[in-house]
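S.K.: Protein chains in written order, with the working numbering: chain A, 3 to 485; chain B, 1135 to 1596; chain C, -17 to 480.
If you're looking for bench data, these hints aren't it; they were derived computationally from the structure.
Just so it is clear, CB atoms sit at the ideal spot from N, CA and C, and this is done for glycine as well.
Hints should not be assumed to be uniformly reliable.
Unchecked claim - Between beta-carbon pairs, the in silico distance windows are:
| no. | chain 1 | residue 1 | chain 2 | residue 2 | range |
| --- | --- | --- | --- | --- | --- |
| 1 | C | L47 | A | S38 | 26 to 32 Å |
| 2 | A | G319 | C | R46 | 28 to 34 Å |
| 3 | A | Q482 | C | V37 | 44 to 50 Å |
| 4 | C | R353 | B | R1170 | 23 to 29 Å |
| 5 | C | G31 | B | V1314 | 38 to 44 Å |
| 6 | C | T190 | A | L467 | 29 to 35 Å |
| 7 | A | V23 | C | L13 | 25 to 31 Å |
| 8 | C | V398 | A | N468 | 50 to 56 Å |
| 9 | A | A360 | C | V37 | 27 to 33 Å |
| 10 | C | A451 | B | T1533 | 52 to 58 Å |
| 11 | A | A360 | C | I266 | 42 to 48 Å |
| 12 | B | L1403 | C | R421 | 36 to 42 Å |
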Amino acid sequence: MTLWWSTLCVAAPLLAAVVLVLRPKWPAVIALVAVSLVLTGALGLASVLHASGPRLIEIGGWGAPLGIAWRIDGLTVTLLLMAGIVGWPVTIYARGYFGDAPAGRHFWPLWMLLLTALCALFLSNDLFNWYVTLELLSLSAVALVTLSGKKAALDAAQRYLFTGLFGSLLYLMGVALIYKAYGVLDLTLLRELTQPTLEVWVALGLMAAGLLVKSALFPLHFWLPAAHGSAPAPVSAILSALVVKGAFYILLRLWFDLVPAAMPDAVSLILGGLGAGAIIWGSLQAFRATRLKMLVAYSTVAQLGYLALFFPLSEAGVWGDTALTGLVYFIFAHACAKGAMFLAAGNLQRAAGHDELASLAPVARALPVSMFAFAIGGVSIMGLPPSGGFIAKWTLLNAAIGSGGWVWVVVMVVGGLLSAAYIFRVLALSFAEPGVEAVLEGPRVAKSSEWASLLLASIALLLGLNALPMLDLLNIGLPQVPL
Amino acid sequence: MDTVDLSRLLLPVVLILPWLLLCLTAASRITPWLRRCLVVPPAVCLLLALSAPAAPLELPGLLLGSQFGVDGVNRVFLAVTALAWLAASVLAVSFLGTAVRPRRFLACFVLAMGGNFALVLSQDAVSFFTGFALMSLAAYGLVNHRGDTASTYAGRVYIVLAITGEVLLFAALIGLVHGVGQFQFPLRFDAPPADWAIACAVLGFGVKAGMLPLHMSIPLSYGAAPLAGGVALAGAMLNAGLLGWLRWLPLGSFELGDWGLFFAGAGLLGVVWGVVQGVRQASPTALLGYSSISQVGLMMLFIGAGFLAPGQWPLFLPLLGYFVLHHAIAKTALFCASSGHLPAVGPRWLWWLVFSLPGLALIGVPLSTGSLAKAGLVEVVTSPGVGLVSLAPWLTLATAGTAVLMARWLYLAIRAGQSREVLAPAPWVALALAALVALGPLLAMLFGVPVPAVGEALSAAG
Amino acid sequence: MSWSAALPLLIVASSLVTGLVIFFLKEQSVLLRTVLNLCGAGIKLVLVGVLMWGVYQGQTFEARLPLLPNIELVLHADALSLLFVSLSTVLWFVTTVYAIGYLEHSPHRSRFFGFFSLCVTATVGIALAGNLITFLIFYELLTLATYPLLMHRGTADSRRAGRIYLTYTLAGGALLLVGVVWLKSLAGPLDFTATGILAGRTDLNPDTLRWIFLLLIVGFGVKAALVPLHGWLPISMAAPAPVSALLHAVAVVKAGAFGITRLVYDVYGVEFAASLGVLMPLAIVASFTIVYGSVRALFQDKLKTRLAYSTISQVSYIILGTAIVGPVATIGGIVHLVHQGLMKITLFFCAGNLAETLGIHRVSEMDGVGRRLPKTMAAFTVAALGMIGVPPVAGFISKWYLGAGALDANLPWILVVLAASSALNAAYFLPILYRAWFRPAAIAWQERLEPGRFETHWMLLMPPLVTAALALLYGLFANMDGSPLAWARLIAEREYLR
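Construct the entire structure; sequences and hints are all you get.
M.R.: Quick look at the structure:
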């Protein structure tokens, strides 16, 4: 059953992509079915996990090192669930957003391809497979960015492409070094084999650098705001919610399986420091942004910093487990919240014909549902209850305080306040001076698009009501425990 | 009907009637009938004072647990209060017919009356404080009814002092009563209370009683208020401060010599200052205010004696009660007479002769209530345990001063002529009260003040 | 789910669901919205009544929902929560009536009443919260739900008010979060218990506990407007009158004060907190706030701003009562929670009536309004006298217990603070009464509105009359069973039970 469910997660979107390329009719329905199947697969895997625990499965019957193995554990399944859950409203939204526009014809297969790559990435357990899926992910993402066809988008896509390629190259070099040294790429095997030699350090350094570029950790985030800010709204949502998390997922796996215990503390401190830098810098940039989507994009830069805070926290024994819980919850909640904010921002942009914050107020008042969605997403981003973001922040704070990491506590608190500062800049638009009549210049916003953004935001909210089911799932086969 | 039953019946009626009247005032138009209703509560109250005391009325749910009733201490005050409010009400019924903003005056009048009745009848400190506060604040409406510059100024002085007094009393309430652990009068002190608490009570009630140097508002407000208000202020509310001292201070339990001397000193100062300032006044009512300050100074000597000789306090108390009765009735009569209204019947000189009777009583001419009251005062001051014998000559001087003051009042009142307020009943009220004063010895018997017996007891003790 | 667990949830849900439905109503569906509003408030009133009856019968009501490992959302009805929950429910009902009348013709009413209901949901959640984490969640929700109400008018003033409010409350909330997480990581689940969770925990470092106390006090102190964390409150007067009323009497400010009460009594335990030495500084800060607020109020000409500074001063009475060790002061502090609520909401209702009926916003414009709005001003008078502490209005009862408690705890200087505060209260309230009743009426507004059957819209008139009457009755019959004082005594008995 495990094999069947996991294959479903990869095969369904792949098949959908092929179908959509060949016969682009009812694309949204097909995509929605595919996303639903991914979700079904993830839920199936979850039930299997609950029943019989984590496992490695071998594709085609060949075991490592020759064949490909997939790792099915709590982390994998949680992230697959995330992809499915975020994918649903985004798909509904995209139908209303693209309508019959030509850009839409390209969107659907690319989106399905991206989803395929992402699911495969989450399931994979060897370095080369990750390279392949990562490449596929990046390329489909770049293609999606270009969809709007505007010059800014093309420039951003170009930069995104080159940065992505550069990151991949670094990663590939690291993989090559490892392969040269040990002759295997399967992570479970490597875990047993790797020694803290210079070669391994260099390889890890290269891979980490490549992945950090791809996951846009400060100060390697330079490509992100432009790409996320200029892409069509559903694409922005997908990029911020899902794509950056792919690279980070690989980094996380490497951290647990490949990084030797003898690693100096400085490394995690540096990573944490970069995270802190990201939080502060990203938030300040978001606060200074003049365009709504740039604001949201810089918010992503800031939020990604929280992911990096995990590394120093993971060093502190029992609090490390807490930190991991918080991290995964954070990834999940951020995906929903940020996705919702981008979708809502897209609605506003659509209705106004632009996204200049200074003159967005009438539109903000004309689209209360979208503003509401933005607000709820913002609540989660700020880490205020009741929301998934609150649970994540609570857990991360708990780990930081428990392990005495007061610097990180301060960073998180300040980051939360800064995020409030930029989010309320937007929310204040709803309360413009009475008497300003809304003049909608852009096309009408589909009702389904408005409600899709609210749906995704509500999921971020619901995540804050009871964390136990997800934490139970996550705790099945923690990544730090070898299978 | 049995008198005991009567007083049990009257007690709640007296407490509730003013509030009923307040509701009527708020809800309906000010009709002549409503105005006439004003005399009902004080009349009932007078009836209560005259009927024999009954068991107190316990209202455990009210405030922090309240008790109301008539006992040996407040009975005289109840009578005085009822009489003064009755007089004031009679004047108010007439006054309100032509007054501006009658509803406001009526509301304040009734509020002050209700508070005054409640405080006099209260058998616990919190109810007392409540009634006192209501009365003090509501009386602002009486003082500053006219709204001209003078009464606004008088009102401001009055309210500032009243609030100061309230705040001090609040502190005193906590300092005195909370230490005792019970609200019921008499407060049973295990040890002498803290001096700051006594000081707060002395000053807090001193504002109302016109103790020097907190007397400023008295002449101002007497002068500024309409006559109906002035009568209530002078005849009833002044005595509330005095009753407060009697109720709250640890009189008769401890020898507190310093406080005794303080009262004696402040009292004497009041006596002198009242006369000196009084004769300089141009308005008869303001003069009466200073006269009150002077008379309260005399009454403070009783309290001083109580502190100096706590054992004899039970003997002093009825004497003080008699003094209060005498002074309040006389002062109320003088106030009513100050209106200058004379009825058409009888020659003018006869009326003025009648009106000067209460003045003569205040001076203490023989056969008046004043002579008995003064005799009592002398008894107390010269009683051996007290040690204030040296004050005796001052009392003579005070009598002389009062005489001057009263002569001046007569002059001013005659010269001032008829006041602008419509107060037809004023002379008749004054006449009735003057008659009461003249029947002083009868009053003494009524309230069982055995003046000669006190003298005997004192000499026996000496 | 059993009835005892469902009831607290239903109480919270009754306004939550109403609020969410109202959000999606059309602006024009006035009748439906009014019905929904009143039904929500009425149902909550009934449910709270049932809850009180049940608790009186000795039932315990508790709902536990899992949230995180070892952390539950707990809604629990104890004596203290009942006091606050009944206060907020009753006042919500009254304020709803008032708000419907007040906003009769203004735009965005669905949004307003939606957030209005959310605001009350949060307040009731705070009241019923059974542990510090639940408290924190509703506390932050309150911040969020209040913001749109403050911003409702959308003028530059109200936008500024909203921004400043958020700056203060979010910063306070962040510190609160750190404090709660810290305490949770040391002491485990933070379920409120009558004598304090931490009392007797000798394994915890006292210095750490002091730091945590500081964090939490600052977190709560922002909403409770403790000086110097009070800056947002006077500015937030830009909001419509019902919002100010709710903010000052029930929701925001009270939530802060209630939090401090919970913190001292049910988390630290008052005697343990005293042994840590944290209560004396709290008492000093509260005293300073009391005097400072009153002094600032003296110089405000805008009526609502004057009332706002008065709130700063009055709410600190609650905190002062909490900071003084001893059951008597505890009674004073807790009972003031109710008394201040009733009196202050009355004052704000009246201020709203003045603004709405006559367009009067300043004290200096109030000459003679007593003749035009006698009932409103009578309610105002009762409440103002209560604030000063004049018996028999309820404020006196609070002051008496606070003063007596201070003397019991051998802190006579607090008596001076109370006396000074009373005098100052008189100094800024009596001039208002003087103007209203004793000054000749100004001509400017006299012809503004034809007085109908009532002096103003009945929905604006009834609420202040009801709350003023309650303030008077709760003082006059303080010693009766079922009065706030009786509840406060019961609570104090439990807090000091060993």
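S.K.: I want to verify a distance hint. Is the separation of the beta carbons of V23/A and L13/C within 25 to 31 Å?
M.R.: violated, 55 Å
S.K.: Given the hint of 52 to 58 Å, check if A451/C and T1533/B actually sit that far apart at their C-beta atoms.
M.R.: For T1533/B against A451/C, whose Cβ atoms are near 54 Å apart, the range 52 to 58 Å holds.
S.K.: Look at the Cβ atoms of L47/C and S38/A and judge whether their distance stays inside 26 to 32 Å.
M.R.: Taking Cβ atoms as reference, L47/C and S38/A lie about 29 Å apart, which means the hint holds.
S.K.: Holds or violated: 50 to 56 Å for the Cβ distance of V398/C and N468/A?
M.R.: holds, 52 Å
S.K.: Do the beta carbons of Q482/A and V37/C sit within 44 to 50 Å of each other?
M.R.: With a Cβ separation near 48 Å, Q482/A and V37/C satisfy 44 to 50 Å, so the hint holds.
S.K.: Looking only at beta-carbon atoms, does the pair R353/C, R1170/B fall within the given range of 23 to 29 Å?
M.R.: holds, 25 Å
S.K.: Tell me if the beta carbons of T190/C and L467/A are separated by a distance inside 29 to 35 Å.
M.R.: holds, 31 Å
S.K.: Do the Cβ positions of A360/A and V37/C conform to the proposed distance bound of 27 to 33 Å?
M.R.: For A360/A and V37/C the Cβ distance comes to about 54 Å; the hint is violated.
S.K.: Is it true that the C-beta distance of A360/A to I266/C lies inside 42 to 48 Å, as the hint says?
M.R.: Check passed, 47 Å falls within 42 to 48 Å.
S.K.: Just tell me: holds or violated, for the beta carbon distance of L1403/B and R421/C against 36 to 42 Å?
M.R.: Given a distance of about 38 Å, which is inside 36 to 42 Å, the answer is holds.
S.K.: Quick check on a hinted range of 38 to 44 Å for G31/C and V1314/B, using CB atoms only.
M.R.: holds, 39 Å
S.K.: Just tell me: holds or violated, for the beta carbon distance of G319/A and R46/C against 28 to 34 Å?
M.R.: holds, 30 Å
Comparing the model with each earlier hint shows violations of hints 7 and 9; every other hint is respected.
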